[in-house]
Amino acid sequence: MNLEVLFQDKSIKTKAKVALIGESLIQKELTTEELIIFANQQKPVEMATCIEALEYATKKSPLVANERLFNYVAKSLTMDEPRVKWESARVIGNIVKLFPSKIVDVIPQLLINAMHTGTVVRWASAYALAEIFKLKTEHNNSLRATMEKLAAQEVDNGVKKKYTDALKKVKLT
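Residues in the sequence shown are numbered from 2 upward in steps of one, following this note's numbering.
These are calculated hints, taken from the structure and not from any lab test. Cβ coordinates follow ideal geometry from the N, Cα and C atoms, glycine included. Treat the hints with care, as some may be off.
Claimed, not checked - Label-pair restraints from in silico Cβ distances:
1. N158 x K29: 33 to 43 angstroms
2. R69 x P109: 16 to 26 angstroms
3. P109 x K162: 39 to 49 angstroms
4. N3 x K172: 48 to 58 angstroms
5. L112 x S12: 35 to 45 angstroms
Stated by the list, open to error - With a cut-off of at most 27 angstroms between alpha-carbon atoms, the simulated DSSO-like pairs for lysine-lysine come out as follows:
6. K135 x K150
7. K29 x K60
8. K162 x K103
9. K29 x K11
10. K98 x K150
11. K169 x K137
12. K76 x K172
13. K172 x K137
14. K170 x K18
15. K29 x K61
16. K29 x K14
17. K61 x K14
18. K135 x K162
19. K162 x K172
20. K161 x K150
21. K98 x K161
22. K161 x K135
23. K14 x K60
24. K29 x K44
25. K137 x K170
26. K169 x K103
27. K137 x K98
28. K16 x K29
29. K103 x K170
30. K76 x K161
31. K98 x K135
32. K150 x K170
33. K161 x K137
34. K98 x K29
35. K98 x K172
36. K61 x K150
37. K44 x K11
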């Protein structure tokens, strides 16, 4: 797949590009490494589309992910572009179960993003934190208190529900 040509073709909508790239990743016609290299050379909007394609692929087939991809989206959580933040958090939520030793690397930035002014960034961060919490790691005691606090102060019901559902699912141990 020629990513340059795909991104230059304005007749193809973003969602279609995401699906095409995502399916190419799943079918192993494109590697995550190739996509990451391409994404790093793009403006934030195109980079976000690349990360959304990673989200598409990892949601359908988490085994598309590797440690390099995890590290890439973990780093992308710190970017200024909100869409990059939220798509990265969604990828992390999809694949964190494959990389339990990396949880400690993403929790601090996810907690920062959980306070973002953008609802979608907060929702995606809540999703990733909830997926981490469901893994029942040694981080759960501190994460439980933090998630309870975040849920209590959250104004958006969709974001709040991400926290409360995870808290209900994982009873105190």
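Quick rundown of the hints versus the structure:
no.: 1; hint: N158 x K29: 33 to 43 angstroms; verdict: holds, 40 angstroms
no.: 2; hint: R69 x P109: 16 to 26 angstroms; verdict: holds, 21 angstroms
no.: 3; hint: P109 x K162: 39 to 49 angstroms; verdict: violated, 23 angstroms
no.: 4; hint: N3 x K172: 48 to 58 angstroms; verdict: holds, 50 angstroms
no.: 5; hint: L112 x S12: 35 to 45 angstroms; verdict: holds, 41 angstroms
no.: 6; hint: K135 x K150; verdict: holds, 17 angstroms
no.: 7; hint: K29 x K60; verdict: holds, 15 angstroms
no.: 8; hint: K162 x K103; verdict: holds, 25 angstroms
no.: 9; hint: K29 x K11; verdict: holds, 25 angstroms
no.: 10; hint: K98 x K150; verdict: holds, 24 angstroms
no.: 11; hint: K169 x K137; verdict: holds, 13 angstroms
no.: 12; hint: K76 x K172; verdict: violated, 31 angstroms
no.: 13; hint: K172 x K137; verdict: holds, 10 angstroms
no.: 14; hint: K170 x K18; verdict: violated, 35 angstroms
no.: 15; hint: K29 x K61; verdict: holds, 13 angstroms
no.: 16; hint: K29 x K14; verdict: holds, 23 angstroms
no.: 17; hint: K61 x K14; verdict: holds, 21 angstroms
no.: 18; hint: K135 x K162; verdict: holds, 14 angstroms
no.: 19; hint: K162 x K172; verdict: holds, 16 angstroms
no.: 20; hint: K161 x K150; verdict: holds, 10 angstroms
no.: 21; hint: K98 x K161; verdict: holds, 22 angstroms
no.: 22; hint: K161 x K135; verdict: holds, 16 angstroms
no.: 23; hint: K14 x K60; verdict: holds, 20 angstroms
no.: 24; hint: K29 x K44; verdict: holds, 25 angstroms
no.: 25; hint: K137 x K170; verdict: holds, 11 angstroms
no.: 26; hint: K169 x K103; verdict: holds, 24 angstroms
no.: 27; hint: K137 x K98; verdict: holds, 10 angstroms
no.: 28; hint: K16 x K29; verdict: holds, 20 angstroms
no.: 29; hint: K103 x K170; verdict: holds, 22 angstroms
no.: 30; hint: K76 x K161; verdict: holds, 25 angstroms
no.: 31; hint: K98 x K135; verdict: holds, 9 angstroms
no.: 32; hint: K150 x K170; verdict: holds, 17 angstroms
no.: 33; hint: K161 x K137; verdict: holds, 20 angstroms
no.: 34; hint: K98 x K29; verdict: holds, 21 angstroms
no.: 35; hint: K98 x K172; verdict: holds, 19 angstroms
no.: 36; hint: K61 x K150; verdict: violated, 32 angstroms
no.: 37; hint: K44 x K11; verdict: holds, 16 angstroms
This entry does not satisfy hints 3, 12, 14 and 36, going by the numbered hints stated previously.
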